[in-house]
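Visitor: Sequence:
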Amino acid sequence: MKKITLELFTTIIGIGSASGLFYQDNSLLVIGDNSGFLYEYNIASQDLKQHPLIKNPSVNIPKSEKPDFESITHFQDTLYIFGSGSTPNRNQMIEFDLKEKKKTATNNLADLYAVMQSFENIKAEDFNLEGSIYDGENWYFFNRGNGISNKNTLFSLHAKKLDQEFNLLSNDYKLPKIKGVRSSFTDAVLVNDKIYFLATAENTQSTYDDGEVLGSLIGRIDLETMKIDFTKKISDSHKFEGITVFKNAKDKIEFLLCEDNDTDALESKIFKLTIDLK
Numbered sequence: 073m074k075k076i077t078l079e080l081f082t083t084i085i086g087i088g089s090a091s092g093l094f095y096q097d098n099s100l101l102v103i104g105d106n107s108g109f110l111y112e113y114n115i116a117s118q119d120l121k122q123h124p125l126i127k128n129p130s131v132n133i134p135k136s137e138k139p140d141f142e143s144i145t146h147f148q149d150t151l152y153i154f155g156s157g158s159t160p161n162r163n164q165m166i167e168f169d170l171k172e173k174k175k176t177a178t179n180n181l182a183d184l185y186a187v188m189q190s191f192e193n194i195k196a197e198d199f200n201l202e203g204s205i206y207d208g209e210n211w212y213f214f215n216r217g218n219g220i221s222n223k224n225t226l227f228s229l230h231a232k233k234l235d236q237e238f239n240l241l242s243n244d245y246k247l248p249k250i251k252g253v254r255s256s257f258t259d260a261v262l263v264n265d266k267i268y269f270l271a272t273a274e275n276t277q278s279t280y281d282d283g284e285v286l287g288s289l290i291g292r293i294d295l296e297t298m299k300i301d302f303t304k305k306i307s308d309s310h311k312f313e314g315i316t317v318f319k320n321a322k323d324k325i326e327f328l329l330c331e332d333n334d335t336d337a338l339e340s341k342i343f344k345l346t347i348d349l350k
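Numbering follows our numbering, with no gaps: position 139 of the sequence shown is 211.
I should point out that these hints are in silico values taken from the structure, not numbers from a laboratory.
If you're wondering where the values come from, they're calculated on a predicted model, not measured in any experiment.
Among the hints, erroneous ones may be present.
Claimed, not checked - Straight-line distance between alpha carbons at most 25 Å, and here's what the computed SDA-like set of lysine to any residue pairs gives:
id : residue 1 : residue 2
1  : 232       : 181
2  : 324       : 265
3  : 305       : 254
4  : 233       : 169
5  : 322       : 98
6  : 121       : 98
7  : 266       : 149
8  : 195       : 149
9  : 246       : 298
10 : 75        : 232
11 : 127       : 326
12 : 299       : 322
13 : 121       : 299
14 : 299       : 127
15 : 266       : 336
16 : 322       : 121
17 : 341       : 76
18 : 305       : 238
19 : 322       : 78
20 : 305       : 135
21 : 175       : 97
22 : 135       : 122
23 : 249       : 222
24 : 135       : 112
Kindly produce the complete structure, drawing on both the sequences and the hints.
Guide: As structure tokens, this is what we get:
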């Protein structure tokens with residue numbers, strides 16, 4: 073690996089606190105952790121549409137009430153959008169039809185999240201899922217270790233549907249420090265047999281309260297060994313919370329990243345991260 077570059081790709085007006093994104097057909101589908109909408113942004117026309125995910129959705133839901141949609145993944149024609157599980161009202165999984173452009177199901181994952189907490193001995197106040205991947209047979213969930221226990225955990229569930237019986241495995245990771253603070257998972261995406269993940273260092277020991285952002289990094293996990301291949305700091309000041317594949321070639325991969333600005337401002341910057349594989 074020779075080079076990693078980061079550059080501003082576009083700015084979307086109308087979306088605040090972006091926490092996850094998915095690129096398809098020259099459009100970006102974006103979620104915000106304080107919003108009840110899925111946003112559809114056409115890159116060419118800059119047109120922005122809103123798709124409701126909850127009853128009576130709004131663009132800025134109070135922190136104590138928000139569903140805290142933190143991760144988004146897809147398989148075939150379905151998007152899966154997950155609440156973080158960091159409080160009892162953040163346990164929803166939304167299924168969204170990419171062809172019909174509408175929500176098709178709402179699922180309560182409280183029981184599944186409780187099993188995951190028990191399996192890995194994570195206290196409720198330290199449970200905070202911020203990344204998800206589904207490949208049709210396996211689900212991967214990333215617990216952000218920004219609580220007191222610093223539990224950066226990758227959960228692997230072997231099941232086609234989350235309401236079926238499943239096999240559960242977990243791996244814990246000690247991620248690098250940035251400016252003396254341990255970084256923690258914020259999102260991930262699967263490319264071939266590798267997981268590319270984002271992690272951010274934030275000066276807080278709470279999964280609920282925000283802290284000073286100290287920087288973000290990119291890393292890669294080998295699916296076969298579940299070991300980290302590399303990590304690389306990509307910013308000293310940005311809190312990147314979403315990653316999606318933009319272009320994938322033999323010699324390089326281009327990702328699009330979204331930034332959570334932790335404010336009520338309805339503006340989200342999208343960055344392009346290029347990794348040279350030669």
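Visitor: Indicate, hint by hint, whether the structure satisfies it.
Guide: Here's how the hints hold up against the structure:
no.	hint	in the structure
1	232 x 181	15 Å, holds
2	324 x 265	15 Å, holds
3	305 x 254	13 Å, holds
4	233 x 169	16 Å, holds
5	322 x 98	21 Å, holds
6	121 x 98	14 Å, holds
7	266 x 149	22 Å, holds
8	195 x 149	35 Å, violated
9	246 x 298	13 Å, holds
10	75 x 232	37 Å, violated
11	127 x 326	36 Å, violated
12	299 x 322	22 Å, holds
13	121 x 299	39 Å, violated
14	299 x 127	41 Å, violated
15	266 x 336	35 Å, violated
16	322 x 121	34 Å, violated
17	341 x 76	19 Å, holds
18	305 x 238	35 Å, violated
19	322 x 78	19 Å, holds
20	305 x 135	29 Å, violated
21	175 x 97	19 Å, holds
22	135 x 122	20 Å, holds
23	249 x 222	12 Å, holds
24	135 x 112	23 Å, holds
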